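Novice: Take a look at the letters that make up each chain.
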Amino acid sequence: MSVRRRIHAGATALAVALLLAVSVVAAAWAQEATPIPYTPPENVGDLSGQILADGSSTVGPITEAVAEEFFAIAPGVEVEVNISGTGGGFKRFCAGETDIQDASRPISEEEIEMCREAGVQYYTFEVAYDGLSIVVNPENDFVECLTVDQLRQLWEADSAVDSWSDLNPEWPDETIALYGPGTDSGTYDYFVEAIIGGDTSTRTDYTPSEDDNALVEGVAGDDNALGFFGLAYYEQNQDRLKLVAVDGGNGCVRPSEETVRDLSYTPLSRPLYIYVNAESLTQPEVQEFMRFYLASAGELAADVGYIASPGEIYVQDQAKLDAAIAGTGTPDGPTTADATPAS
Amino acid sequence: MSVAGREMNHAEGAPLAPSPGLVRRNVVGTILSVLFLLAIIVAVAALVTLLWTIVSRGWSWLSWGLIENPPSRRPERAGLNPALFGTIWIIGLTALVAFPVGVATAIYLEEYAGHSRLTRILQVNIANLAGVPSVVYGLLGLGVFVEFMNMGRVVLAGALTMALLSLPVIIIASQEAIRAVPSSLREAAYGLGATRWQVARHHVLPAALPGILTGTILSISRAAGETAPLLVVGAAGFLLKRPEGLFSSYTALPIQVYQWTSRPQAEFRELAAAAIIVLLVVLLVMNATAIIIRQRASRAQRW
Chain A
104 MSVRRRIHAG ATALAVALLL AVSVVAAAWA QEATPIPYTP PENVGDLSGQ
154 ILADGSSTVG PITEAVAEEF FAIAPGVEVE VNISGTGGGF KRFCAGETDI
204 QDASRPISEE EIEMCREAGV QYYTFEVAYD GLSIVVNPEN DFVECLTVDQ
254 LRQLWEADSA VDSWSDLNPE WPDETIALYG PGTDSGTYDY FVEAIIGGDT
304 STRTDYTPSE DDNALVEGVA GDDNALGFFG LAYYEQNQDR LKLVAVDGGN
354 GCVRPSEETV RDLSYTPLSR PLYIYVNAES LTQPEVQEFM RFYLASAGEL
404 AADVGYIASP GEIYVQDQAK LDAAIAGTGT PDGPTTADAT PAS
Chain B
974 MSVAGREMNH AEGAPLAPSP GLVRRNVVGT ILSVLFLLAI IVAVAALVTL
1024 LWTIVSRGWS WLSWGLIENP PSRRPERAGL NPALFGTIWI IGLTALVAFP
1074 VGVATAIYLE EYAGHSRLTR ILQVNIANLA GVPSVVYGLL GLGVFVEFMN
1124 MGRVVLAGAL TMALLSLPVI IIASQEAIRA VPSSLREAAY GLGATRWQVA
1174 RHHVLPAALP GILTGTILSI SRAAGETAPL LVVGAAGFLL KRPEGLFSSY
1224 TALPIQVYQW TSRPQAEFRE LAAAAIIVLL VVLLVMNATA IIIRQRASRA
1274 QRW
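Taken in sequence, the protein lines are chains A and B. Read in order, the letters of the first sequence correspond to residues 104 to 446 in our numbering. Read in order, the letters of the second sequence correspond to residues 974 to 1276 in our numbering.
Quick caveat, the hints were computed from the structure, so don't treat them as lab data. Fair warning: there could be bad hints in the mix.
Said to hold, decoys possible - Just the calculated beta-carbon pair ranges, DEER-fashion: (1) Arg1169(B) / Gly222(A): 55 to 65 Å; (2) Val1108(B) / Asp276(A): 40 to 50 Å; (3) Trp1025(B) / Pro241(A): 51 to 61 Å; (4) Val1108(B) / Ala426(A): 49 to 59 Å; (5) Glu220(A) / Arg1174(B): 36 to 46 Å; (6) Glu220(A) / Glu1041(B): 42 to 52 Å; (7) Ile1061(B) / Asp261(A): 26 to 36 Å; (8) Ser266(A) / Val1258(B): 32 to 42 Å; (9) Leu366(A) / Pro1048(B): 46 to 56 Å; (10) Arg1047(B) / Asp365(A): 44 to 54 Å; (11) Pro272(A) / Ala1016(B): 44 to 54 Å; (12) Val1108(B) / Gly199(A): 24 to 34 Å; (13) Ser211(A) / Val1108(B): 23 to 33 Å; (14) Glu1041(B) / Ser266(A): 52 to 62 Å.
Claimed, not checked - According to the in silico footprint, chain A covers these stretches of chain B (three or more CB under 8 Å from chain A): (15) 1213 to 1226; (16) 1232 to 1240.
As the structure is a computational prediction, the values presented were derived from the model and not from experiment. Don't be surprised by glycine CBs; every beta carbon is placed ideally from N, CA and C.
Build the full structure now, drawing on both the sequences and the hints.
Specialist: Shown next as structure tokens:
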């Protein structure tokens, strides 16, 4: 917090020396929040231009929080954040329309192909972790834990599971009402990937909504409901929902800050990413925004309900960014050499 | 008439004995009046419930900070300044474009065009356009203004899309208002040697103005509350600055409401209610302006 606002560099040698001393102290102090010290350059107030971000509704709030804080130090830069879903956002990103793509899953093969065709190269940065929570209605007193296998049987396409007793003979013979995000959402894609595996889809007879609060209402109002969405939505509605532990092979684990960060809540802990257009990274305002983003992502992600990645992730991110800005970096994709820069 | 006559004859002779027909008609009349009363109670009750829910949830969040601040991840610091100004820009520009074009179209159709097949086709199409879902206008705006004309996702593209959306209703309302001007007025003017334009400009338009304004304001108020077309033509979801010109990016109040309702924290949903109150105030101010202008215009009427 105070790291980035603490001092304005003076022109004299004394000020520079003082600044160095303070930086070292402050960096050490800020170690647990973020390992990367951020000192705004002197000309940060003169930066201008527009930065366009789009994509995941999960990652969007982090980018918005970063934009909000960045605005305080660089009011000349206009940052616009849109929420079209991870899939919708990649369509724009790979057409070269946006500078930054918020993604709650890695880019797909198809999307890499789109980027390649449009000549868009990009760098990938991991910015935080999120847990996918499986929830049921509080009236439900029998489901405490589900195995990945049970979840797959329940959600796979052409599922034979209709009532709770199909999952476990001891459970009642009541029809399960399923709630989940719509298919354009990265959360949906991540769930499919983690639970069902591969490039498949789920059963279609569930109630989908792009609005996670609608899913919360659905599960909270239906005794036989089961749904999944980001952990933040469970945490804000704990009294109206019941969290289900997930057994990924090592016993039942409930999602929490610790189990998501150390990945023991598997397979439903997921990293959140941003993708940055390599060409946009040649612009000074995008460079500065990204430096600021990586330095503050951990703290701000926690502010908006997610879990900071381990410190070394941000250090790696920062090294990648520095190389990219210096012109010595290799974009993370598309990898083949036939990518031609967009004119 | 004849029935009433018979009743009267009855009354003169024997003591009053209403015919079964009259009783039935009275019963039907009473039942219907109760039904009509119920209808208005349902409508008003829905409105009151809606207002009550919104106001009770959002009231405590209303403050100058809400009007002055940009959005924030901290609910207590969050505001809707860029969205409010975005909406004002969009409404203003929409009115600037849609009003003259709409009124001109109505004057042409009513005062100039004859009763040809072409006029009828135009008429039917305008009436149909008034019923087209708003998101379709959004797609049209995306195709024509944002992409084909290459404006990008800017205020001007949003306002032009909204202008298209509100045009059919403005045209139809203006036509009705112009048609309601007595033809004796036109004939008198023609009789004195006025040209078609002079008749329209000096006699028909001033007389029809109150009706035209009502239709215009209602139509533009509707546009001000629209979310779908703006989302399609690229209003921003999150923006810290208000628009500075025709080619700035922008966001709007309904979009801010939509954004806040999708957040996990309950405070943001209360903020959304507060934003709805602000939007309602904007609409009420617009409608009040319409009423004032209309009353001034009808007072100036000379017949």
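Novice: Now, for every hint given, state plainly whether the structure supports it.
Specialist: Tested hints:
1. Between Arg1169(B) and Gly222(A) the C-beta distance comes to about 59 Å, which sits within the given range of 55 to 65 Å.
2. Range check, Val1108(B) to Asp276(A): Cβ separation about 43 Å, and the 40 to 50 Å hint holds.
3. One distance hint, 51 to 61 Å for the beta-carbon pair Trp1025(B) and Pro241(A), is violated here, with the actual separation near 28 Å.
4. At roughly 44 Å, the beta carbons of Val1108(B) and Ala426(A) sit outside the given window of 49 to 59 Å.
5. One distance hint, 36 to 46 Å for the beta-carbon pair Glu220(A) and Arg1174(B), is violated here, with the actual separation near 57 Å.
6. For Glu220(A) and Glu1041(B), the Cβ-Cβ distance of about 45 Å falls inside the hinted range of 42 to 52 Å, so the restraint holds.
7. Checked against the hint of 26 to 36 Å, the pair Ile1061(B) and Asp261(A) fails, with Cβ atoms roughly 53 Å apart.
8. Hint check: Ser266(A) to Val1258(B), Cβ distance near 55 Å, so the stated range 32 to 42 Å is violated.
9. Under the hint 46 to 56 Å, the C-beta atoms of Leu366(A) and Pro1048(B), about 31 Å apart, miss the expected range.
10. Range check, Arg1047(B) to Asp365(A): Cβ separation about 29 Å, and the 44 to 54 Å hint is violated.
11. The given range of 44 to 54 Å is respected by Pro272(A) and Ala1016(B), whose C-beta atoms sit roughly 53 Å from each other.
12. A hinted range of 24 to 34 Å for the beta carbons of Val1108(B) and Gly199(A) is consistent with their spacing of about 26 Å.
13. Take Ser211(A) and Val1108(B): their Cβ atoms lie about 27 Å apart, and the range 23 to 33 Å holds.
14. A hinted range of 52 to 62 Å holds for the C-beta pair Glu1041(B) and Ser266(A), which are about 54 Å apart.
15. As drawn, the stretch 1213 to 1226 of chain B meets chain A at 3 residues by the rule of a beta-carbon pair under 8 Å; at three or more, the given contact holds.
16. Given as covered by chain A, the stretch 1232 to 1240 of chain B passes the check, having 7 residues with a CB less than 8 Å from a CB of that chain where 3 are the minimum.
The structure fails hints 3, 4, 5, 7, 8, 9, 10 (numbered hints given earlier, in ascending order).
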